[in-house]
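**Student:** Sequence:
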Amino acid sequence: MFRALSLMLIPLVALTALACYWMVINVLERELIEDQKSQISRGQSVAGVAYALQRERASVVFALQEGNATLLGDQFRFTDKTLGDVTAESSCFFDKQKVLLDLAEHREGVLQNLFSNRTQDEVNYYSAFTQCILEDLLGLAKDMKHGELWQDYVSFKMLLQATESAGMLLSLGIAYFETGFLALDDYLLLKREDVRLAEYLDIAALFSPFTRNRLTTLNSTRPEVLSVMGSFRQLWKINSYPDAGPEKGKEYHEAVTQYFNLLVDLTQIVAQKVLDDADDLIAIALNMVTVACLVFIFVLVMTPVLIVMMHMLTSSIQNYATEASQKSEQLKLEKARSDSLLYQMLPKSVAQQLKMNQSVTLCFSDIVGFTNIAAASTPLQVVVLLNTLYQVFDETLDHYDVYKVETIGDAYMVVSGLPQRNGDLHVIEISLMALELLRVTREFVIPHMREKLIQLRVGCHSGSAVAGVVGTKMPRYCLFGDSVNTASRMESHSLPSCIHISSFTNELLQRFGGFTTERRGLVDIKGKGIMETFFLRSTTREFRTSTREIFHKISLQHPECLILNTRDLEHVSDGSSIKSNNKHVAWSEEGNNCLV
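By full-length UniProt numbering, the letter at position 42 of the sequence shown is numbered 42, and the numbering carries on one by one without gaps.
Hint data in this document are derived by calculation from the structure and do not stem from the laboratory. Treat the hints with caution; some may be incorrect.
Derived pair list, reagent style DSSO-like, types lysine-lysine, alpha-carbon separation capped at 27 Å [claimed, not checked]:
| no. | residue 1 | residue 2 |
| --- | --- | --- |
| 1 | K327 | K528 |
| 2 | K273 | K81 |
| 3 | K248 | K237 |
| 4 | K526 | K404 |
| 5 | K237 | K250 |
| 6 | K237 | K191 |
| 7 | K81 | K98 |
| 8 | K528 | K332 |
| 9 | K81 | K96 |
| 10 | K528 | K335 |
| 11 | K335 | K526 |
| 12 | K404 | K528 |
| 13 | K404 | K473 |
| 14 | K327 | K526 |
| 15 | K191 | K250 |
| 16 | K526 | K332 |
| 17 | K191 | K248 |
This one's a predicted model, so the numbers in the text were calculated from it and none came from an experiment.
Work out the full structure, taking the sequences as your base and the hints as a guide.
**Tutor:** Structure below.
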């Protein structure tokens with residue numbers, strides 16, 4: 001019992017461990033995604049500061065080139081508000097008050113030296129802030145690996161780099177189109193940032209189908225902005241622009257600012273998509289945790305229930321096994337007792353042959369309603385009837401490999417396969433013989449009861465049996481074995497003019513073929529229990545005798561007592577003939593003569 005319970009507990013423990021592992025994995029997954037989401041949210045907030053500083057950088061450069069600080073106040077206030085509102089921490093502005101003071105001091109210097117050519121210094125000053133912020137952002141959520149989430153996040157980082165490059169183009173381009181040329185270092189930086197902008201956008205589109213679709217949408221909805229940006233690119237192929245001036249610088253500032261704002265908006269859209277996807281993954285992970293908890297609870301609840309049920313089942317099996325063992329011991333005792341009785345009745349060698357299950361086929365038959373016929377007849381009439389009928393049967397048996405064991409009253413017992421073995425052909429011999437007995441019986445008329453026909457009830461069974469001569473004063477050749485009893489039961493449960501056979505006999509007939517059987521169904525056989533039985537109906541094989549020849553032969557031997565229905569008798573093999581001319585041979589109640 002304990003071994004069976006242990007075997008059942010192994011999968012339960014494994015399932016419990018799997019549920020726990022699944023739950024822990026999903027909890028850790030949810031925590032990881034939430035941490036990455038917080039980093040993305042922080043990056044989005046910090047990116048707003050970079051955007052404000054990039055705008056301020058372009059505005060300061062434009063003011064220096066124009067010599068007009070009118071618009072700087074609004075931009076300074078926007079940057080201060082953005083920096084003050086940000087709640088995310090960053091190593092670039094860990095102390096926001098200090099950063100604000102530093103920016104205020106720098107702005108004061110810008111306003112005091114408004115007409116000095118300090119474009120390179122301003123670009124370097126603000127770029128130091130933006131580069132620090134971008135490096136901080138690029139280091140966030142490096143281990144992201146969930147489906148399209150990491151692809152969109154990489155695209156978000158590339159767009160941040162693209163906005164920085166666009167901001168650098170905005171600042172340096174203003175100086176270029178205001179003055180017509182740049183210092184060599186500034187010009188090289190302008191060209192480098194132009195190439196980087198295109199590369200960052202290509203990488204962003206390559207990693208994220210969403211970004212690629214948004215860029216395609218921008219190309220179709222805002223083509224004028226992109227075309228103007230492309231035309232300006234053509235103007236700085238060389239470091240000389242003869243049509244430079246304030247108007248061209250202002251035109252460039254307005255056009256590229258629109259382009260820059262489009263990139264910033266796209267960056268924010270991609271960042272928001274990453275946050276939304278992270279929320280979806282968190283919800284999925286939470287659902288998985290819930291399912292894992294339910295599975296774990298189910299296992300915990302069902303484990304004791306299954307243990308109790310398994311205990312009951314194993315107890316029942318043990319009880320059944322114990323009972324079966326006891327029955328087996330009883331069966332062994334009964335078998336030993338039956339063997340002992342069998343060895344007392346027969347020689348041991350003969351009894352061993354009986355137990356070897358060498359099969360034969362037995363046939364029992366009796367006359368339906370014989371008791372009533374005998375009651376209505378004189379003893380002599382009964383003797384004449386049985387003697388004549390059995391002579392007909394004996395003539396039929398002579399043509400088959402069968403052996404008549406005995407007759408008791410109206411009962412007729414025949415076996416095939418004994419005393420000489422004939423393999424499995426015994427079932428064919430008995431079946432053909434039984435069908436022919438029914439055939440000849442249908443032509444037989446009771447001598448003193450012309451209106452009454454003879455009907456046989458036949459039963460057959462195939463199985464093992466032992467034959468031997470028993471008795472001293474009146475020795476008889478007898479058959480022993482359960483098959484004899486079964487064949488007798490087949491006969492007693494048969495129907496008039498029917499051949500009742502067992503399932504084993506039917507199997508043998510089907511193996512040989514040529515016989516038609518009909519399933520009778522399940523029959524409660526006394527001493528055997530429920531058995532499936534069949535009726536043998538007909539055969540396609542040829543009979544080995546002629547009914548007319550048998551009747552004619554018996555009539556020649558016993559003309560004084562055989563009463564026949566001779567309407568079909570014609571020429572027979574010995575050259576004699578009997579013609580009926582619609583007349584019947586009848587038994588004379590007054591004597592022993594046959595009247596025609």
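**Student:** Hey, K528 versus K332, does the alpha-carbon distance stay inside 27 Å?
**Tutor:** Holds, because 19 Å separates the two Cα atoms, which is no more than 27 Å.
**Student:** So if I understand the rule, the pair passes when the alpha-carbon distance is 27 Å or less; does K404 with K528 pass?
**Tutor:** Roughly 25 Å between the alpha carbons, so the hint for K404 and K528 holds.
**Student:** Taking only the CA atoms, is the gap from K191 to K248 under or equal to 27 Å?
**Tutor:** 19 Å, holds
**Student:** Under the criterion that the straight-line Cα-Cα distance not exceed 27 Å, is the pair K327, K528 satisfied?
**Tutor:** Distance of about 19 Å is within 27 Å: holds.
**Student:** Hey, K404 versus K473, does the alpha-carbon distance stay inside 27 Å?
**Tutor:** 21 Å, holds
**Student:** Between K81 and K96, is the straight-line Cα distance small enough, at 27 Å or below?
**Tutor:** 11 Å, holds
**Student:** Does K526 pair with K332 here, judged by a C-alpha cut-off of 27 Å?
**Tutor:** Holds, at roughly 23 Å.
**Student:** Between K81 and K98, is the straight-line Cα distance small enough, at 27 Å or below?
**Tutor:** 15 Å, holds
**Student:** Holds or violated: K248 with K237, Cα cutoff 27 Å?
**Tutor:** 16 Å, holds
**Student:** Tell me if the straight-line CA distance from K526 to K404 falls inside 27 Å.
**Tutor:** 25 Å, holds
**Student:** So if I understand the rule, the pair passes when the alpha-carbon distance is 27 Å or less; does K237 with K250 pass?
**Tutor:** Holds, at about 20 Å.
**Student:** Within 27 Å, alpha carbon to alpha carbon, are K327 and K526?
**Tutor:** The hint holds at about 22 Å.
The structure meets every hint from the earlier list without exception.
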